[in-house]
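Colleague: Could you build all of it, start to finish, from the sequences and the hints given here?
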Amino acid sequence: MPQLTIITITYNAEKYLGRTLQSVATAARLVPGVADSIEYILIDGASTDGTLQVAERYSLILNRIMSEPDRGLYDAMNKGLSLATGEYVWFLNAGDEVHDGQVLSRLLHAFESQADVYYSDALFVRTDGEAVGLRSEVTPHTLPKKIHWQDFALGMKISHQAFIVRRTIAPSYDITNLSADIDWEILCLKKSKKTEYLPFVLCRYLVGGLSTQQHHRSLKDRFKVLQKHFGLLPTVKNHLRIGWRGIQFLFYKRRQVEK
Numbered sequence: 001m002p003q004l005t006i007i008t009i010t011y012n013a014e015k016y017l018g019r020t021l022q023s024v025a026t027a028a029r030l031v032p033g034v035a036d037s038i039e040y041i042l043i044d045g046a047s048t049d050g051t052l053q054v055a056e057r058y059s060l061i062l063n064r065i066m067s068e069p070d071r072g073l074y075d076a077m078n079k080g081l082s083l084a085t086g087e088y089v090w091f092l093n094a095g096d097e098v099h100d101g102q103v104l105s106r107l108l109h110a111f112e113s114q115a116d117v118y119y120s121d122a123l124f125v126r127t128d129g130e131a132v133g134l135r136s137e138v139t140p141h142t143l144p145k146k147i148h149w150q151d152f153a154l155g156m157k158i159s160h161q162a163f164i165v166r167r168t169i170a171p172s173y174d175i176t177n178l179s180a181d182i183d184w185e186i187l188c189l190k191k192s193k194k195t196e197y198l199p200f201v202l203c204r205y206l207v208g209g210l211s212t213q214q215h216h217r218s219l220k221d222r223f224k225v226l227q228k229h230f231g232l233l234p235t236v237k238n239h240l241r242i243g244w245r246g247i248q249f250l251f252y253k254r255r256q257v258e259k
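Following our numbering, the numbering of the sequence shown begins with 1 at its first residue and continues without gaps.
Label-pair distances were calculated between CB atoms; the ranges are:
hint, residue 1, residue 2, range
1, Pro69, Trp244, 37 to 45 Å
2, Lys237, Gly101, 38 to 46 Å
3, Asn12, Ile247, 30 to 38 Å
4, Leu60, Gln227, 41 to 49 Å
Bear in mind the hints are in silico, worked out from the structure with no lab data behind them.
Idealized CB from N, CA, C, for every residue including glycine.
Modeller: As structure tokens, this is what we get:
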């Protein structure tokens, strides 16, 4: 059984998929015996552009390529989970990248502690590859060194691409909810007996995902997720806190720019 399964979801991602696959290939070259340690699965939603042609160029690192119609991102992610055989699973979607060439070797070494969940920060990048900054610095979401599911009361504390979980505790995603990634992380943390912070950045996160493109609905779906875990009245109060925190953060960033 491989130690890690990396799962990449694609749909008409010809423009950005190469950077994802190349980042994994570069990092994998530095890991001795990587063929036994890492499994890489690509789940494609029947792309009509050159996505599969790009994937074929990296067939040496991809253990499996599945391309068929799906019912959206989270349906595809569930397919990836069902095919994974690694001890841990890591979702790294088209356009996202392994942060640097040392990440996989450091990650495999970290697995020796046998935690159920590993997490770190993510570096936000634009489509041209320019770095925006760490998520914990450019958004109101700070990243504590010790985390519990209750810390998600004000929203998603950890970027999905910087969250690695033991496969045997990973639930299926709710394919009807655009904020299913928040729900999934909370459920994983509820099941986790040991959660460990990684003192290195796991990924470069391409800004502008599905929930960003459908922002209004994702906010409504986030409310549903948080209500499910924290109750109605606490969620209403917490959303007022989220709004106030956002305003404070904008003023803080403006002062930083003025300085």
